[in-house]
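Read top to bottom, the protein sequences are chains A and B.
To convert, count from 1 in the first sequence and add 27; that's our numbering.
To convert, count from 1 in the second sequence and add 23; that's our numbering.
The reader is advised that the hints may include incorrect statements.
To be verified - Stretches of chain B that chain A covers, calculated by requiring three or more beta carbons in the stretch to come under 8 angstroms of a beta carbon on chain A: (1) 114-123; (2) 230-236.
Stated by the list, open to error - Only pairs whose alpha carbons sit at most 30 angstroms apart, straight line, appear in this in silico DSS-like list of lysine-lysine: (3) A/Lys438 with A/Lys147; (4) B/Lys210 with A/Lys439; (5) A/Lys346 with B/Lys136; (6) B/Lys148 with B/Lys31; (7) B/Lys210 with B/Lys158; (8) A/Lys200 with B/Lys133; (9) A/Lys346 with B/Lys100; (10) B/Lys137 with B/Lys158; (11) B/Lys96 with A/Lys346; (12) B/Lys53 with A/Lys106; (13) A/Lys202 with B/Lys210; (14) B/Lys53 with B/Lys158; (15) B/Lys199 with B/Lys133; (16) B/Lys136 with A/Lys203; (17) A/Lys438 with B/Lys226; (18) B/Lys158 with A/Lys219; (19) A/Lys202 with B/Lys158; (20) B/Lys210 with A/Lys203; (21) B/Lys44 with A/Lys165; (22) B/Lys44 with B/Lys199; (23) A/Lys200 with B/Lys254; (24) A/Lys346 with B/Lys254; (25) B/Lys158 with A/Lys203; (26) A/Lys346 with B/Lys148; (27) A/Lys438 with B/Lys158; (28) A/Lys346 with B/Lys259; (29) A/Lys439 with B/Lys137; (30) A/Lys202 with B/Lys136; (31) A/Lys346 with B/Lys132; (32) B/Lys133 with A/Lys346; (33) B/Lys132 with A/Lys366; (34) A/Lys165 with A/Lys147; (35) A/Lys200 with B/Lys182; (36) B/Lys44 with A/Lys203; (37) A/Lys439 with B/Lys100; (38) B/Lys137 with A/Lys346; (39) B/Lys226 with A/Lys202; (40) B/Lys132 with B/Lys39.
Hints listed in this document are in silico derivations from the structure and should not be mistaken for laboratory results.
Heads up, the beta-carbon is just placed ideally off N, CA and C, and yes, glycines get one too.
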Amino acid sequence: MIKFFKPSRNNLNRSLSIGFPLITLAFVDFFANTFLDTNLTAFLSDTLSYFFPLIIGTVGLYFIRIEFSGLRILDNFNKNVNSTSFNAILTLLIIFVLFKYVPSLLDWLFFDANFNGTSKEDCTSNGACWVFIKVWFKRFMYGMYPNPEQWRINTAFIILFALVGAAFFVPVKYKKFIILFMIFVYPIIGIKLISGGIFGLKWIETGAWGGLSLTLIVSAFALILCFPIGMFLALGRRSELPVIRYSSIGFIEIWRGVPLITVLFMSAVMFPMFLPDGTYMDKLMRVIIAITLFEAAYMAEVIRGGLQALSRGQYDAAKSLGMGYWRMHLFVILPQALKLVIPGIANTFLALVKDTPLIFVVGLLELAGMIGLAKTNPKWLGMAIEGYVFAGLVFWVICYAMSRYSQRLEKKLSTER
Amino acid sequence: MSNIIELKNVNKWFDKFQVLKDINLTVNQKEKIVVCGPSGSGKSTLIRCINRLEEHQEGNIVVDGNEISENTKDIEKIRAEVGMVFQQFNLFPHLSILDNCTLAPIWVKKLPKKQAEEIALSNLKRVQIDDQALKFPGQLSGGQQQRAAIARALCMEPKIMLFDEPTSALDPEMIKEVLDVMVDLAKGGMTMIVVTHEMGFAKEVADNMIFMDEGRIVEKAKTQEFFDNPKSERTKLFLSQIL
């Protein structure tokens, strides 16, 4: 058929009158199968019947693939989705898969889901049991942090959001003060507020912290700390002084070479053995340090990539103006190198946030860890899917926000024409 | 007139390849020297040794009374007195033209921001791109960028200016605007060492010409004599090819 009949502008009408019915037939068969449970092509063999819409649809699309047909809509359609047989098959596949699975997914997520109730028994329909999330919500947010004290975590985060908001809206002149405050002063206030022990606030040990708030605390500290350490490691690896260079290389390669879960385990089990007797370091602090050093090694290599992308001329120019090593790097080299590797830095940051659930190995339960705990509760067995879908959604929101911010930053810092 | 730059028996190797062979050169204050020669002859390396962007292995280099060697403590101070202009401009692309010009005066010479900006604007005016001060390097033409680079070097108020093939990366139409700025600078009494193939420029401003080949200074002569009556055969050959 394909051999002796080639669709072209000359036989436009004939091509279209073969093509469109075939495509229509493909969709009718598909929809009848999906929504009406009737197999119009039952007389064919099973495999053939299953792929019938795809085959017929592809042949139909072949017939309407006419160059310069003169019909604007058809030309655009051919250019964008129907340019080759391969693209035609892909287009059909995507449409079929979407229509087959998205409705049932939506049913599970929303239309058949249970939102009301207080126990597993209230979940009667087939859909998701969001009651689980509702009942455990406070635990997922605050871990084992005692209920009457949870306002302290809320306050700490509200202050943080207020500061971030202020940093966006105040004039540029005051912006740097807010950012400095946020990096150097706020963490102390936040931690004191949450851990307590001063100003009559009840002391709450870090073992009780957990849930999303712990995810954010660990991520935030590790993010802020791993960046400068990574920067110094990157510079160190390019240093002309052998001692600095080789110790940087050694540090980076050792930390990059071990799995994070091992590092965390070491921080909990091995590290206290090296501490002198009587000294004690908080478990959370050890974990944050471990994650920081681990991610700093990755950060170092990302930043080194940026340093290497700069031309030698930039170094020459800075030197020829009389700048020494630190001024040259601070004002000329690093601003350009960091700008170049914003996508890489964002990558590392996202990976860091998503690595935080691993702190369960030392007994700290952040969001995913709390869900893992809740799903083993005898009254709530079988709620793993709901729990992890929720965790996935929360992590996705956090990571997507960070990703958007990095793109915004990239655009803002661009000085290309 | 006193010597401001003095090179004595300077030798330099890149690994085993000798790029500078027994270089002797004195430059007087306000003297303009143009260095020419085929590519790979060591011209750029020579002037890059003067502010120690390259290290020499043997011999002495004295700039404004300071010996330059690996023991030199304040190499930054000497570099601050020696302006340099590069073939590829090497402006800082993340800073505006004005910030390019004020960065070093503020952070190296510790000038107040306002004064640095005044100096920058007057230098940008001198090279006739003061109207582009707030643009970024990527928004300027090659000729404008090179003039901005000259202004940036001038903002440090250097005693010596080194030019490393400043017009080689430019469109023919833009070469003139850069050369005009350099001629103006020369007439203002700056000490200049210029590596270039622009012989018209050399004839107009150079006091002395240097011809280099294979790492040696083959010929050094007064400009008039160099062009009218070159002594070495190699120089004659070179001149016959480019003039």
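How the hints compare with the structure:
no. : hint                   : result
1   : 114-123                : holds (count 4)
2   : 230-236                : violated (count 0)
3   : A/Lys438 with A/Lys147 : violated, 48 angstroms
4   : B/Lys210 with A/Lys439 : violated, 43 angstroms
5   : A/Lys346 with B/Lys136 : holds, 21 angstroms
6   : B/Lys148 with B/Lys31  : violated, 39 angstroms
7   : B/Lys210 with B/Lys158 : holds, 29 angstroms
8   : A/Lys200 with B/Lys133 : holds, 22 angstroms
9   : A/Lys346 with B/Lys100 : holds, 10 angstroms
10  : B/Lys137 with B/Lys158 : holds, 19 angstroms
11  : B/Lys96 with A/Lys346  : holds, 14 angstroms
12  : B/Lys53 with A/Lys106  : violated, 68 angstroms
13  : A/Lys202 with B/Lys210 : violated, 47 angstroms
14  : B/Lys53 with B/Lys158  : violated, 33 angstroms
15  : B/Lys199 with B/Lys133 : violated, 34 angstroms
16  : B/Lys136 with A/Lys203 : holds, 18 angstroms
17  : A/Lys438 with B/Lys226 : violated, 48 angstroms
18  : B/Lys158 with A/Lys219 : violated, 47 angstroms
19  : A/Lys202 with B/Lys158 : holds, 24 angstroms
20  : B/Lys210 with A/Lys203 : violated, 46 angstroms
21  : B/Lys44 with A/Lys165  : violated, 78 angstroms
22  : B/Lys44 with B/Lys199  : violated, 34 angstroms
23  : A/Lys200 with B/Lys254 : violated, 65 angstroms
24  : A/Lys346 with B/Lys254 : violated, 38 angstroms
25  : B/Lys158 with A/Lys203 : holds, 24 angstroms
26  : A/Lys346 with B/Lys148 : holds, 25 angstroms
27  : A/Lys438 with B/Lys158 : holds, 17 angstroms
28  : A/Lys346 with B/Lys259 : violated, 37 angstroms
29  : A/Lys439 with B/Lys137 : holds, 26 angstroms
30  : A/Lys202 with B/Lys136 : holds, 20 angstroms
31  : A/Lys346 with B/Lys132 : holds, 14 angstroms
32  : B/Lys133 with A/Lys346 : holds, 16 angstroms
33  : B/Lys132 with A/Lys366 : holds, 27 angstroms
34  : A/Lys165 with A/Lys147 : holds, 17 angstroms
35  : A/Lys200 with B/Lys182 : violated, 37 angstroms
36  : B/Lys44 with A/Lys203  : violated, 53 angstroms
37  : A/Lys439 with B/Lys100 : violated, 35 angstroms
38  : B/Lys137 with A/Lys346 : holds, 24 angstroms
39  : B/Lys226 with A/Lys202 : violated, 55 angstroms
40  : B/Lys132 with B/Lys39  : violated, 39 angstroms
Hint compliance for this structure: hints 2, 3, 4, 6, 12, 13, 14, 15, 17, 18, 20, 21, 22, 23, 24, 28, 35, 36, 37, 39, 40 are broken, all remaining hints hold.
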